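**Student:** Construct the entire structure; sequences and hints are all you get.
Residue numbers (numbering that gives the first Met the number 0), protein chains in the order written: chain A, 0 to 626; chain B, 0 to 304; chain C, 0 to 337.
It is worth saying that the hints were derived from the structure and are not from the lab.
Only a predicted model underlies this, so the values are computations on that prediction, with no experimental measurement involved.
There could be a bad hint or two in this list.
As the list claims (entries may be wrong) - Taking beta-carbon pairs under 7 Å as the criterion, some of the chain A residues facing chain C (in silico):
(1) ALA43
(2) ILE174
(3) VAL198
(4) MET199
(5) GLY201
(6) MET202
(7) PHE333
(8) ASP345
(9) VAL349
(10) ILE378
(11) ALA386
(12) ASP535
(13) CYS582
What the hints assert, rightly or not - Distance condition first, Cα-Cα at most 30 Å in a straight line; then the derived DSBU-like pairs of lysine-lysine:
(14) LYS249(C) / LYS580(A)
(15) LYS151(C) / LYS163(B)
(16) LYS287(A) / LYS249(C)
(17) LYS255(C) / LYS171(A)
(18) LYS255(C) / LYS275(B)
(19) LYS208(B) / LYS238(B)
(20) LYS151(C) / LYS255(C)
Don't be surprised by glycine CBs; every beta carbon is placed ideally from N, CA and C.
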Amino acid sequence: MSDFELEMVVNGKSIRRRAKPHLRLLDFIRDELNLTGAKEGCGAGECGTCSVFVDGKLVKSCLMPVAKAQGAKVETIEGLTPHGNELTPVQKAFHKTGASQCGYCIPGMVMAATSALRENPGAGIEEIKERLGGNICRCTGYTKIFEAVEIARDVISGKLSIAALEPDGAGKSYIGNNVRRLDAPSKVSGRLRYAGDMVMPGMLHMQVLRSPHAHALIRSIDTSEAESLPGVACVITADDVPGEDGFGVFVHDQPIMARGRVRYVGEAVAAVTADDVITAARAVSLIKVEYEPVAAVFDAEEAMQNGAPVVHDYAPDNVVKHIPIRKGDIEQGFAEADLVVEQTYDTQAVEHAYLEPEAGIAYVDHDDVVTVVSPSQNITHHRHMLAKIIDKPINKVRFIMSPVGGGFGGKEDMIYQGMLALAAMKTGAPVRLVYTREESIISTAKRHPARITYKMGLRNDGRITAVSFRMICDGGAYGLSTEGVMRKAAILSCGPYNIPNVEIDVYGIYTHNTPSGAFRTFGAMQSQFATESHMDICAEKLGLDPFEIRRINMMQDGAVTHTQQVLGSVSMGRVLDAAEKACRWDSGPVGMRGQERNDLGGEGTRPPCTLGARIRKTGDDDHQEVA
Amino acid sequence: MLTCDEYHMPTTLAEALALLQAVPHGSRLVAGATDILPWAREGRAGDVNLPAMIDLSRIEELQGYEVAGGRVRLGANVVYQQFLTDKALRRHLPGMPYCSIWFADDQIREQATLAGNLVNASPAADGTPPMLAHNAELEIARLEGSDIKRRTISLADFVKGPGKTDLGPHEIVTAVICDSLDGYGGSFQKVGQRRSLVISSVCAAACIKMDKTGEVVEDIRLALGGVGPVPMRLDDIEKMLRGKQLTAELIARASAKPAERVASRTRRQYRRTVVKGFIEAAIHEALEDCGARVPGSAEREDAHV
Amino acid sequence: MMGRKVRGRGMAASWYGIARTATIDRAGAWAEIDDGGTGKIVTGVTEIGEGILTLLAQVAAEEIGIKPEDITIGDNDTARSPEAAHAGATRQTYMIGNSVALACRDARAKLDRELADHWEVEVDSIEAFDGEIWSKGSNLKMSMEEAVDICKKRGVVPVGSGSFTAHGTGLDPVDGSGSPWQAYVFGTQVAEVEVDTVTGEVQVLGIWAAHDVGRAINPRGVEGQIEGGVVQGLGQALMEDYQLENGHTKTHGFAKYILPTSLDIPEINTVIIEDPDPKSPLGAKGIGEPALVPTAPAIMNAIYDAVGVRMTSLPATPEKVLAALEAKAAAGQLEAAE
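**Tutor:** Written out as structure tokens, the structure reads:
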């Protein structure tokens, strides 16, 4: 492979470097120039975190072979504020409005916003949204970003005073005050280093061999050829685990790497540590694993049947957890009902899609402390588990939480930190692993898909007399957070309503699918989706307004919950009133009322998106529509 | 991950053609490179090592466009963003602006070329239906000895199937040549799973010109994408409408016809249903685009009963 | 007869428990009122994007009597900081926020004791805010910087620690009875949608989200959590779908796993309801997770309102919505509309 002689001007500075021709511009600026503000969120041009200017045009640097930037002027997020100069109006506006949360998408978003206002300083909100359309944000819901870009536009044009970028005053208290985010300057400027941006002297790189089978026995693993590849420091497998191998939030059923058996496609089987990522990847391809595929089960309800393939020997019925809740007399409750409504609901598996793929660095320090730096959402528990796995006292295991580029529950699992620790122990060098987006998607937990069978009995006046609720969740191949998710789903399942008689059964089931785990709402989204859909179905049958049926049944101060807890203050009535009032709700029984409603559109809504704000014909071709 | 042994950046077509003959089998031409890099990843081609990549983006004679004799010659390096930013192009190619705004996003449009999109020959390629409507041809060059030989082929004949084209192993597409439809109204319909940066499930392009009365169709061009192995021009529907007084009833009848032609392997029923509405919507929006009257909605409802 | 694009509205309510479920939850923090009148906080959990660092700085600033920007929050490191457990379960504001408040109060008590002795006033008379400390009812006042200096010259480093507990109880294995949380929040969202009856595409044009969060420590931060939650809920409602075929994913990357973009999101109208928690120093509860619970059902209920089809299977993709519309038409349910 012959190197390429590259010359370009990066952030105003002339650069001359020899580089491999296959490098992408993103690799070049991050790895060769140590400009890590541009991130790799997906590597496929789908997220925008890597956006940079090349000759004044914003591009996705993961889609650009570095040779294309030969002779070009490149401007990265670092170039917007050279030498710690003052933040730009766009960056200040992001700071002001709280437009950065985890911050991982933010350098790309700031670049896209900067480009939008450079291309059209008078861009209206519709055009701004279109110009940000190639940048995904998973945290903010975009709303504060739009607000920031509009403020920046107006400050730049002089329509707004620069005072609009200043913080609000302290007032009499800092509680209840919109104090600007203290971490925002580091995020809007791209200065904050996430684990994948960190480098240590002598650092090695890890790549992981993953299972191509959903369920197979591992007959043998031959690592000899991989180990003999020049540049390879070590190969690790389950055999390298010195202690009690197993992690999980509730049940420690998952080995650091597959142990004798793989249970899902993408499960880690072995890992290589080498001088660079490409060598490590080549070595991974040289590992020979002899698999014996065995019967697998991919449906939770099938997995509950007798004779279904067993995922874990300790759970021959494939049940990770069953949470029952009983209150009152369910049969009597249905007998008292004037109306009984049954319906089945399905929810899908959902990916967390934090913009920061998993990444971490491990090293063994001067006091023999095994240290893992990673965006872990639970360093306390990870330390406990890793200490057992590597058979060390707790104070010889250290977890440092790096800035988390989005978690949503997905970084509660110790899915890769164990491999890093083992490799650091085996090599004595710092080892870094950065997942690709595809690796993150294939191997990490999802939101539990659920099937919910719902039966509700009601009186003609709208009062609920009984609910039978059965929810079966696909927990996938390992336990992770399934037990807790089932518990929360069950407790909250029937919603904030007084229901005298309930029968709730929630099951988390092992299958050979990608494991399910913790995900923002921990099962409550799935169960309450069913309840809230069901409330409307019942309201229609009873001729009730949706707010009305909920008020008839809502919990109030001192209510007794489905688990028979007595509540203190209950704000249910207040939130119903507030939502109804805020949206100017036009009351009426549930039905196909859209055609007749008088509350549609207007304040609080946006116009439907019809693309083309910048080219729409408005009589004058030069006039840019401002919606 | 995409790796390659050699990366070439020729500056002349002759140089590029010579390289193309010289590089080992399995080497690839790249223009914008926005599709090849995502292709070489897990879930698609996986890790790929190419013997050589020949980057066409620095070839002077592939840049820019010319308008002559009612035809527009778009150099192969014309990128999608130009159909939005270049006012002359917007006027001559009314089928392209809304197609472009739906195509990927601002960053990718700065890199991705129309010619590359056509050469990829994806059944869902956004650029193909409007280019079919513009009667596009591809200009293709190859080396014979030291002479550059050129041929042209209609886009309809060029695209043979998903990922399959008439392009020979030592050939390079040098231009897309299509009708200037100045004075036509254009429109583009697309549905995917969201509004930005999305692959079409179905797309439709229309270009329409009304006569002086504003009531009779002087010319109409309709094409569909995402509905089968190759995008299709709807000649028979055009024939039904050309020279006719445009009524809601006529549009509705015409729109109902192409559904049966949907031949996609997946989601066929969905696509059939959408196509019907899309033809109608594409005609309406193209009429609006050229300032013509859209046959009334009351009239249109009657036609459906 | 419906036009091509029709609108409708729907609503959904929700509830949620704060902090770990059906167990005792706990978190610890250390505080030091430092030289220069600054503050140093160490606790074992950090920012995952929700704004907790800023919130903790606000709490510490308020409790110590200095400015949020004068607070330094230490790295989150199991070898250097007290246990605060995990960043999840809508527990950060509630658990860590309160433990930081308690730690700061502990540190302030030490500072106040020295200062009261120095000024010869009652310790209860001492108040501080925004970098100044004074004795109420007197003209004794100084900067926090001076106060720390005096305290240290008297031989005392004003440090404190705090541990906050939330008393959840486990569930009975047979009937599930128990008190899983000591704090609950409630929320209601309304969605307005536009359904394209040609493509089945649903655009959400407006969301009104009213949520009880307890005391809102940073209202803008609360809005940010609600806006982000709503958009995740919208993603699950309409487009996101991790698909497997015999255990193999069909959605490897973001080209196939579809996330909401800037063009897919509604105007989000947040209404913050404050029903303070009586069992904790700050009165705050939380909002991280509950924000997305009612979004998907509100959208499904709005689709029904618009076009009369009940989507019981998520996500309601254009294809599924159109199939439901066709099934409804085939069932002759559109007769009445003629």
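**Student:** Take the hints in turn and mark each one as holding or not.
**Tutor:** So, going through the hints one by one against the coordinates:
A least Cβ separation of about 5 Å between ALA43(A) and chain C falls short of the 7 Å threshold, and the interface hint therefore holds. At a threshold of 7 Å, the smallest CB-CB gap from ILE174(A) to chain C is about 5 Å, leaving the interface hint in force. For VAL198(A), the shortest C-beta to C-beta distance to chain C is roughly 18 Å, which exceeds 7 Å, and the interface hint is violated. For MET199(A), the shortest C-beta to C-beta distance to chain C is roughly 16 Å, which exceeds 7 Å, and the interface hint is violated.
Because the smallest distance between the Cβ of GLY201(A) and any Cβ of chain C comes to about 22 Å, over 7 Å, the interface hint for this residue is violated. At its closest, the beta carbon of MET202(A) sits 20 Å from a beta carbon of chain C; the interface hint therefore is violated under the 7 Å criterion. This hint is violated: PHE333(A) has a C-beta 18 Å from the nearest C-beta of chain C, more than the 7 Å allowed. The restraint placing ASP345(A) at the interface with chain C holds, with a minimum CB-CB distance near 4 Å, inside the 7 Å limit.
Residue-level restraint check for VAL349(A) holds (minimum Cβ-Cβ distance to chain C is 5 Å; threshold 7 Å). Interface hint status for ILE378(A): upheld, as the beta-carbon distance to the closest one in chain C is roughly 5 Å, under 7 Å. Proximity of ALA386(A) to chain C is violated relative to the hint, the smallest CB-CB distance being about 10 Å (cut-off 7 Å). About 5 Å separates the beta-carbon of ASP535(A) from the nearest beta-carbon of chain C, less than 7 Å, and the hint is met.
Because the beta carbon of CYS582(A) sits about 4 Å from the nearest beta carbon in chain C, less than 7 Å, this interface hint is met. With a C-alpha separation of about 43 Å, the suggested pair LYS249(C) and LYS580(A) falls outside the 30 Å cut-off, and the hint is violated. Proximity of LYS151(C) to LYS163(B) is assessed by CA-CA distance (about 80 Å); at most 30 Å being required, the pair is judged violated. For the proposed pair LYS287(A) and LYS249(C), the alpha carbon gap of about 26 Å is at most 30 Å, so the pair holds.
A hinted pair counts as satisfied when its Cα atoms are at most 30 Å apart, and LYS255(C) with LYS171(A) does not qualify at roughly 50 Å. With a CA separation close to 26 Å, the supplied pair LYS255(C) and LYS275(B) stays within the 30 Å bound. Of the supplied pair hints, the one linking LYS208(B) and LYS238(B) holds, its CA atoms being roughly 14 Å apart against a limit of 30 Å. Using a Cα cut-off of 30 Å, the hinted pair LYS151(C) and LYS255(C) is violated, with the two alpha carbons roughly 61 Å apart.
Checked against the numbered hints given earlier, the structure breaks hints 3, 4, 5, 6, 7, 11, 14, 15, 17 and 20 and satisfies all the rest.
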